[in-house]
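Q: Please take these sequences and the hints and turn them into a complete structure.
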Amino acid sequence: MKNSKYLPLLATFVVFVLAYIICVSVFPNMLSTRVAGNLLTDNAFLGITAVGMTFVILSGGIDLSVGSVIAFTGVFLSVILRDTSIHPLVAFAMVLVLTTAFGAAMGGVIFFLEMPPFIVTLAGMFLARGISYLLTTDSVPINHPFYSTLQDIYFLMPGGGRLTLIAIIMLVVFAVGIVIAQRTRFGTYVYALGGNLTSAQLMGVPVAKTTIGIYALSGFLAGLSGIVFSLYTSAGYSLAAVGVELDAIAAVVIGGTLLTGGYGFVAGTFLGICIQGLIQTYIVFDGTLSSWWTKIVIGLLLFGFIALQRGLMWMSERSARNMRHASAAQPSSA
Amino acid sequence: MAVPTIVRERTPQLVVLAVILALNGIISPGFFSIEIQNDRLYGSLIDVLNRGAPVTLLAIGMTLVIATKGIDLSVGAVMAIVGAVAASLITSGYSLPATLAGSLFVGLACGVWNGALVALLDIQPIIATLILMVAGRGIAQLITEGVILTFNDKPELIFVGSGSFLNLPMPVIIWIIVAILAILVVRRSALGLLIEAIGVNRRASTLSGVNSRVILLAVYAASGLCSAIAGVIAAADIKGADANNAGLWLEMDAILAVVIGGTSLLGGRFSLVGSLMGAMIIQSLNTGILLAGFPPEFNLIIKAAIILIILIVQSPASQAAMANFRANRQTVAVKTESREHAAR
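Chains A and B supply the protein sequences, listed in that same order.
In this note's numbering, each number is its position in the first sequence, counted from 1, plus 2.
In this note's numbering, each number is its position in the second sequence, counted from 1, plus 319.
Rather than coming from a laboratory, the hints here were simulated on the basis of the structure.
One or more of the hints may lead you astray.
Unchecked claim - Just the calculated beta-carbon pair ranges, DEER-fashion:
| # | chain 1 | residue 1 | chain 2 | residue 2 | range |
| --- | --- | --- | --- | --- | --- |
| 1 | B | A428 | A | F157 | 42 to 52 Å |
| 2 | A | V99 | B | A509 | 47 to 57 Å |
| 3 | A | A177 | B | I502 | 39 to 49 Å |
Unchecked claim - One-sided excerpt, in silico: chain B residues whose CB lies under 8 Å from chain A:
| # | residue |
| --- | --- |
| 4 | G362 |
| 5 | G465 |
| 6 | E616 |
Think of the CB as a built atom: it goes at the ideal place given N, C-alpha and C, for glycine as much as any other residue.
A: Next up, the structure:
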């Protein structure tokens, strides 16, 4: 059991290493910190929201609203910075409070109305996207001087690669996410909820608080991801980030997290993001392949990992049955 | 007593539909006028029926899937794939029957793929169909080679999307035929009952002799077929296959139509007629918002509000509260009655 717990993570790691070897053997230039830095910068917003999605999926739920929340954050920031003289940092705080409350409200509806997270967060997705449409349907540029200051912050890696501020934010979020999942009571509760809701309840896990906390965390990270996205694009657009929720779910699954909840690691999600980034980078380097191959390859990877998870579950069920048979047979032989 | 059961069961949906249509009539006075031009009926009501065709078709398949406690997220992507297949077949010189057969076969194959993942590999439906949802648009673009394939010079295929027969637009005729066929198949045989049994408790129905694997496979295949028909209509309507936008977000509309129609997402009892009404409610809302001059962006907020209301009504918690309330009232009534008896 201990080994099969780590097997999906191991499989993800092997796929990542293989993919990297293939990439480097075709394009030796990909083995540089410049490429690595760009990969992290380009996928920073996806990575941040994928951490929140990991917690949601670990608890056995799903959050379809994150893409819309990212778009809402961008639109909110751009409109506020255009129409008022509020400092961006204050605007950041405001939007994070809003998105966290939004996530908490969805968590509350899921728990108190006992409805599937899928349909509740679907309503959240419509609502967030609709509100950002109401704010503006135009793409609003952000040209606040503070934004350019933030965009110019980077850490020069050996080899000339730039680790930008938003890439650093993503790495910090992953580090904090790993600590929360593995080293805090809240993290244990999340795993317990995903493992078995009823037994978690019987063991005294505060289900209401944890459920609301999980979706609030996902809302907070989606808001942070929206801030990073607005730094990345320097604009707010209500049609932005369509389908990001699917990319985030795909990263979580490719990262080896079980979609039924209970098993998985935040670190695996990081590998999932890197694999998606590698596919995109490969396509950019190749130049003749079209971008739709990204979707097809991600679909194939999704299938591969889901099939692997099924296989593992079958194997563990069978070995459990065998053990039961063996222990049932023992008394008669003894 | 003369009220048919179907009307009595679907009263909430009928009332909502009537209210929305009446509001539309107030907003735009010409809403209910229907006239015949060039041997075809024209008017806002006909437009609602016509524009609602893709969602209605998707909702038929989705109802059956949701009744088995499943969900099919891939319908929009399958529409894109099938549209691409239809456009590329007709532009490379195949006849209309061959094109239609090829397109429907591809849709069926997509449905069987989903069904195999759910029924044979026992993968959760939302995840199993997510694979095709993510990869589907990529596959569609692979077929169209990244361009919007147009077929302006193929009147036979365009006829499916904008032609008319017996004064009715073709999409309307197609969805009505598909709906009647589906209702006959599931309600004139035991199939509907078996589907509901799987939705209520798959293990129990398997143990009592229902071949749940075959039925699950068939349900997802039916959903794929419905998506294929919707995909052909959508492509024929715009005279081209747009791999990026064909059927975009329609899976959400289809699920919403089913839920509005009174089928629970938790599986079990389903109503195809309810889903058809749900689809019509969504389409009349869309048309109404356009007629009122609101930006179409309002659609999303209104849909979110509808989902929230339905959630509150359908949720086990509030239903328990309702049952409790009714029971309390009854006991109060009984008590007062007995007190009156005692007084006498």
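Q: Next step is simple, just say for each hint if it's right about the structure.
A: Cross-check of the supplied hints:
{"no.": "1", "hint": "B:A428 - A:F157: 42 to 52 Å", "in the structure": "holds, 50 Å"}
{"no.": "2", "hint": "A:V99 - B:A509: 47 to 57 Å", "in the structure": "holds, 55 Å"}
{"no.": "3", "hint": "A:A177 - B:I502: 39 to 49 Å", "in the structure": "violated, 56 Å"}
{"no.": "4", "hint": "G362", "in the structure": "violated, 29 Å"}
{"no.": "5", "hint": "G465", "in the structure": "holds, 5 Å"}
{"no.": "6", "hint": "E616", "in the structure": "holds, 3 Å"}
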